[in-house]
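A.B. asks: Those sequence lines, one after another, are chains A and H. For the first sequence, the working numbering begins at 33 and goes up steadily by one. For the second sequence, the working numbering begins at 33 and goes up steadily by one.
Note that these hints are calculated values from the structure, not bench results. Be aware that a few hints might be false.
Identical copies go unnamed one by one, so any copy, or any two together, can satisfy a pair.
[Said to hold, decoys possible] Calculated pairs, BS3-like style, for lysine-lysine (alpha carbon to alpha carbon, straight line, at most 25 Å):
#	residue 1	residue 2
1	Lys250	Lys177
2	Lys262	Lys177
3	Lys174	Lys250
4	Lys174	Lys249
5	Lys241	Lys56
6	Lys143	Lys262
7	Lys143	Lys266
8	Lys241	Lys262
9	Lys56	Lys266
10	Lys144	Lys266
11	Lys143	Lys274
12	Lys274	Lys121
13	Lys274	Lys201
14	Lys101	Lys143
15	Lys274	Lys101
16	Lys241	Lys201
17	Lys238	Lys144
18	Lys262	Lys274
19	Lys143	Lys201
20	Lys238	Lys205
21	Lys144	Lys205
22	Lys144	Lys200
Number of protein chains: 2
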Amino acid sequence: MVVPPDHPRYYSLLYRERLIEKFKEGIVVAQGLIAHGRGEAFDYILGERTVPSALKAEKAAAALLKLAKRPVVSVNGNVAALVPRELVKLSEALGCPLEVNLFYRSEERAKKIAELLEAHGAREVLWVPEEELPNLSSERRKVSKRGIATADVVLVALEDGDRTEALKKLGKKVIAIDLNPFSRTARSADISIIDNVIRAIPNIIKFVKEISYEEAKKVLEEYDNSLTLKESVKEIREWLDKMIEEM
Amino acid sequence: MVVPPDHPRYYSLLYRERLIEKFKEGIVVAQGLIAHGRGEAFDYILGERTVPSALKAEKAAAALLKLAKRPVVSVNGNVAALVPRELVKLSEALGCPLEVNLFYRSEERAKKIAELLEAHGAREVLWVPEEELPNLSSERRKVSKRGIATADVVLVALEDGDRTEALKKLGKKVIAIDLNPFSRTARSADISIIDNVIRAIPNIIKFVKEISYEEAKKVLEEYDNSLTLKESVKEIREWLDKMIEEM
């Protein structure tokens, strides 16, 4: 389908088509398409923009990643399909690996995702897991020694709540990008970014490049995730109020 | 995947699995999975229940269908996958046909959907279109002479805005079931039911059986669709307020 650039929801339709293309290539699974739809709806009621609270969370995420000793970016099928180049740029800005971690895991699919990231310039993609996380029964327990297993900060995008909780129990800090402010992932992460990955990751990269270590410490001291989550819901409510007026 | 019945979101997960199963059978398309995800998110912020304004719209829909001379129920892949038996029961209660109408149309897929409905007891499924609607370029323009082409009231579930507008231009009344109160379908239909088809269709059947012709006329006289739409958004806003308190 060709989407005209003047369509009011051009980007949303463009990324939808991209996801379906990657589904056909075996990068994305059927459940991932449904999850993307949920994200589209939440993005819509956020006004398809980075709300002020999300920008705050993105700055805090950059600060936490900057101060991390061993950060890692966890990648699933959807995020690889949507923003492969941006994931590579983020890993370069942080000097950290990308790790493929999948709920619907198959060796073939993990390899395809790694190859997609490498085709976009990734230097180190961890996709062959050697270890298993405790407290987690799904395929997501399978992790890499040089990645999630030994990381102190994990950035997860578009993920399930179980894993965020398991990672936190192991003493790791978790940054989650999730458009649903009510999801278990958003509620259990240390920093919850209620934003679309297509906007969130470029914003995080910008902040990582700009922020100093001193400023990063200050940003984290002042950051309150539960307040940020509430603010994002209030921003949805304000958008609804505006829509009611127009109806 | 086996979903335990005590899971807080049991029905949502059950229908998600059913949709994926029907996707594998060729009833549902990839775009339908994404659309389902959007519906899941809107249903979630409605509290996964029939809100009072939706119940009002369902009663009005039953009234309009009851008074219609030639009603028809338009069926796409998602609604056939989710509630095949309920669609059959509705067509029986109204004595009207079911018509397969698809945006991503192929003869094979249309036939599969018709067979699914027949397997659930449908007596008359129109799926071989003989006519074309003006004002519509998509595959949805292809309609049946004994169905949408000559109908005075069309019930569409989970549809696209273009078609609702095209049907209205032809002087038909349109009832839409759509969880997104902001969609073009919801905004352009005569009666917009902001509810999940799994709850909406059984409710409509109940009202069709209960309501008298006299009462149906009265219900329609008093019904205000734009007010109902606004109320549904207010109900979402109230749900958000409750969630903010719990956060």
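A.B. asks: State for each hint whether it applies.
C.D. replies: Against the structure, the hints:
1. Within a single copy, Lys250 and Lys177 get their C-alpha atoms no closer than 31 Å, and across copies no closer than 70 Å, so neither meets the 25 Å cut-off.
2. Proximity of Lys262 and Lys177 under a CA criterion of 25 Å is satisfied in neither setting, with 36 Å inside one chain copy and 53 Å between copies.
3. With identical chains, the CA atoms of Lys174 and Lys250 are never at most 25 Å apart, being 35 Å at best within one copy and 62 Å at best between copies.
4. Proximity of Lys174 and Lys249 under a CA criterion of 25 Å is satisfied in neither setting, with 32 Å inside one chain copy and 62 Å between copies.
5. With identical chains, the CA atoms of Lys241 and Lys56 are never at most 25 Å apart, being 35 Å at best within one copy and 45 Å at best between copies.
6. For a Cα distance limit of 25 Å, the shortest separation of Lys143 from Lys262 qualifies neither inside one copy, at 38 Å, nor across copies, at 48 Å.
7. In the homo-oligomer, the alpha carbons of Lys143 and Lys266 never lie at most 25 Å apart, since the shortest distance is 41 Å inside one protomer and 47 Å across protomers.
8. In this assembly of identical chains, the alpha carbons of Lys241 and Lys262 never lie at most 25 Å apart, being 28 Å within a copy and 44 Å across copies at closest.
9. Within a single copy, Lys56 and Lys266 get their C-alpha atoms no closer than 38 Å, and across copies no closer than 39 Å, so neither meets the 25 Å cut-off.
10. In this homomeric assembly, Lys144 and Lys266 never come within 25 Å of each other (Cα to Cα): the closest approach is 40 Å inside a single copy and 45 Å across copies.
11. For the identical chains of this complex, Lys143 and Lys274 are neighbours neither inside a copy (45 Å) nor across copies (44 Å), given an alpha-carbon limit of 25 Å.
12. Taking the shortest Cα distances, Lys274 and Lys121 never come within 25 Å of each other, neither inside one copy (36 Å) nor across copies (40 Å).
13. Proximity of Lys274 to Lys201 under the C-alpha cut-off of 25 Å is found in neither arrangement, the shortest distances being 41 Å within a copy and 29 Å between copies.
14. In this assembly of identical chains, the alpha carbons of Lys101 and Lys143 never lie at most 25 Å apart, being 27 Å within a copy and 58 Å across copies at closest.
15. For the homomeric pair Lys274 and Lys101, neither the shortest alpha-carbon distance inside one copy (44 Å) nor that between copies (39 Å) is at most 25 Å.
16. In the homo-oligomer, the alpha carbons of Lys241 and Lys201 never lie at most 25 Å apart, since the shortest distance is 30 Å inside one protomer and 55 Å across protomers.
17. In this assembly of identical chains, Lys238 and Lys144 lie within 25 Å of each other by CA distance neither inside one copy nor across copies; the values are 28 Å within and 50 Å between.
18. With identical chains, the CA atoms of Lys262 and Lys274 are at most 25 Å apart both within one copy (19 Å) and between copies (11 Å).
19. Neither within a single protomer nor between protomers do Lys143 and Lys201 lie at most 25 Å apart by alpha-carbon distance, with minima of 28 Å and 51 Å respectively.
20. For the homomeric pair Lys238 and Lys205, the shortest alpha-carbon distance inside one copy (21 Å) is at most 25 Å, but the shortest distance between copies (52 Å) is not.
21. Taking CA atoms no more than 25 Å apart as the test, Lys144 paired with Lys205 passes in neither setting, with 28 Å inside one copy and 49 Å between copies.
22. Neither within a single protomer nor between protomers do Lys144 and Lys200 lie at most 25 Å apart by alpha-carbon distance, with minima of 29 Å and 47 Å respectively.
Violated hints, in rising order: 1, 2, 3, 4, 5, 6, 7, 8, 9, 10, 11, 12, 13, 14, 15, 16, 17, 19, 21 and 22; the structure is consistent with all others.
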